[in-house]
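Number of protein chains: 2
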Amino acid sequence: MSIPKKLKERYTWFKQHSSHEDNTSLAFEIISMDRCGLISEISTKIYNLGSDISFFQSWTEYDGKCHIILQVDDKTKPEEILKSIKEIPEIISIETTSTNKKTWGKRIIIIGGGAQVSSVASGAITEADRHNIRGETISVDTIAVVGENEIASTIDAVRKLHRVGILVLAGSLMGGKITTAVKSLRAEFGIPVIGLNMAGSVTKVCDLVISDPVEAGVMAVMLISNIGKFNLLKVHGHKY
Amino acid sequence: MSIPKKLKERYTWFKQHSSHEDNTSLAFEIISMDRCGLISEISTKIYNLGSDISFFQSWTEYDGKCHIILQVDDKTKPEEILKSIKEIPEIISIETTSTNKKTWGKRIIIIGGGAQVSSVASGAITEADRHNIRGETISVDTIAVVGENEIASTIDAVRKLHRVGILVLAGSLMGGKITTAVKSLRAEFGIPVIGLNMAGSVTKVCDLVISDPVEAGVMAVMLISNIGKFNLLKVHGHKY
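Sequences listed follow chains A and B, in order. At position 237 of the first sequence the residue is numbered 237 (my numbering), and the sequence of numbers has no breaks. At position 69 of the second sequence the residue is numbered 69 (my numbering), and the sequence of numbers has no breaks.
It should be emphasised that the hints constitute simulated quantities derived from the structure, not laboratory data. Just so you know, not all the hints are guaranteed correct.
The list makes no distinction among identical chains, and a pair is therefore deemed to hold if it is satisfied within one copy or across any two copies.
List time: in silico DSS-like cross-link candidates among lysine-lysine, alpha-carbon distance up to 27 Å [claimed, not checked]:
1. Lys234 <-> Lys8
2. Lys77 <-> Lys183
3. Lys239 <-> Lys86
4. Lys65 <-> Lys102
5. Lys83 <-> Lys177
6. Lys229 <-> Lys86
7. Lys15 <-> Lys160
8. Lys65 <-> Lys6
9. Lys75 <-> Lys102
10. Lys8 <-> Lys75
11. Lys5 <-> Lys183
12. Lys160 <-> Lys204
13. Lys15 <-> Lys83
14. Lys5 <-> Lys75
15. Lys77 <-> Lys229
16. Lys15 <-> Lys45
17. Lys15 <-> Lys77
18. Lys239 <-> Lys75
These numbers come from a predicted model, not from an experiment.
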């Protein structure tokens, strides 16, 4: 099976890129009363200062307050940005903060049935520990889902997460719409996929098939870690 | 130990709130060439249409393209929003999509040493599977971290994630700055914390202390799930 061009490019970049290489960014944490137009006003103020927003996340909490984490690719104007945002009357607090990327690093996503997601996670977390101690930052995020449609739409949604290094499919039977979703995630979004050695057509479109769930989790970490030279492009298409 | 007011309020809201109750929102996925001012322009166009952005996430991918997921609390204007955003010359694609909240639901965060994070995750993932089959959506997100400063700053960063239901501390010894970080997360951000029964001062400030890691993971799911009546406020301060 061939490697989609986009996957090869994205993977090569992701592998080389340590999660700690984030020294050109400046992040801010803002808590504000919510009102229509708040994001527009904040982002326009930053634009007017000439800074480019490289990451932005906002959500409304249970008490109606708006929480914002934003990152600019420009370390030269922390005071100007703080001063300018504070002029908005609804702002409760704004402070500089570490970036989400620095804390949570690269993500491994594990999707499938509970028993197997647990086993893959056990391998991935234990191996991530060994890499994180040596300076990487790898987090392991999981969801247990049942049903072809549900699993397919969860795989589709992986592209809407940032910092995803690799997806592991942990199940006993996956095919149909799931296979279509895996094809699209790999070709259109460049995210590599490991599958357990399971029934169904999905293993035909995975980058790597691994029979043992703990090994699949360990391998997922080794494949995306900046520590060590093991590389997906060397083992692509293999079944272990 | 008393329960902070904010924690009681946020927990009560979170518990009652099913992850699937998201029928008033409309989400869009945008891929665009990146340029300074893009977020300002998109959010201003939505503001000018009178819609309130309730969730916004943007990041730059390896190829320099900007990916945006945004959600408005207004289902009435999908066509107007699509048309208006498409006028921006850099936009490559925009389509309506399901919300991240609907796919990934409520989050359990597990932080600590590899061996124990794995065990807690095993309990949490297996129990989440049982709740997700019955209509909940609970995901389990983990990171293995070593060192007092590193664990404390990771706990501080939990407030910068959205949809967090509960934090589980999985380790053998936690105190000092970690205890301070837990106090702040609970009192200022209302996020409950389960601790394993470990050495150090942290267990004195946790909402619940559980000796068995698998049970701690299972309990974390039961405490935030909308299915079943088990409630943190009933067992608060206990040690099992």
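Comparing the hints with the structure gives:
| no. | hint | in the structure |
| --- | --- | --- |
| 1 | Lys234 <-> Lys8 | within (12 Å within a copy, 52 Å between copies) |
| 2 | Lys77 <-> Lys183 | neither (43 Å within a copy, 32 Å between copies) |
| 3 | Lys239 <-> Lys86 | neither (56 Å within a copy, 44 Å between copies) |
| 4 | Lys65 <-> Lys102 | both (25 Å within a copy, 21 Å between copies) |
| 5 | Lys83 <-> Lys177 | neither (50 Å within a copy, 30 Å between copies) |
| 6 | Lys229 <-> Lys86 | neither (46 Å within a copy, 43 Å between copies) |
| 7 | Lys15 <-> Lys160 | both (20 Å within a copy, 26 Å between copies) |
| 8 | Lys65 <-> Lys6 | between (39 Å within a copy, 13 Å between copies) |
| 9 | Lys75 <-> Lys102 | within (16 Å within a copy, 35 Å between copies) |
| 10 | Lys8 <-> Lys75 | neither (31 Å within a copy, 38 Å between copies) |
| 11 | Lys5 <-> Lys183 | within (13 Å within a copy, 48 Å between copies) |
| 12 | Lys160 <-> Lys204 | within (24 Å within a copy, 38 Å between copies) |
| 13 | Lys15 <-> Lys83 | neither (38 Å within a copy, 38 Å between copies) |
| 14 | Lys5 <-> Lys75 | neither (34 Å within a copy, 37 Å between copies) |
| 15 | Lys77 <-> Lys229 | neither (38 Å within a copy, 50 Å between copies) |
| 16 | Lys15 <-> Lys45 | neither (35 Å within a copy, 37 Å between copies) |
| 17 | Lys15 <-> Lys77 | neither (31 Å within a copy, 41 Å between copies) |
| 18 | Lys239 <-> Lys75 | neither (46 Å within a copy, 46 Å between copies) |
Violated hints, in rising order: 2, 3, 5, 6, 10, 13, 14, 15, 16, 17, 18; the structure is consistent with all others.
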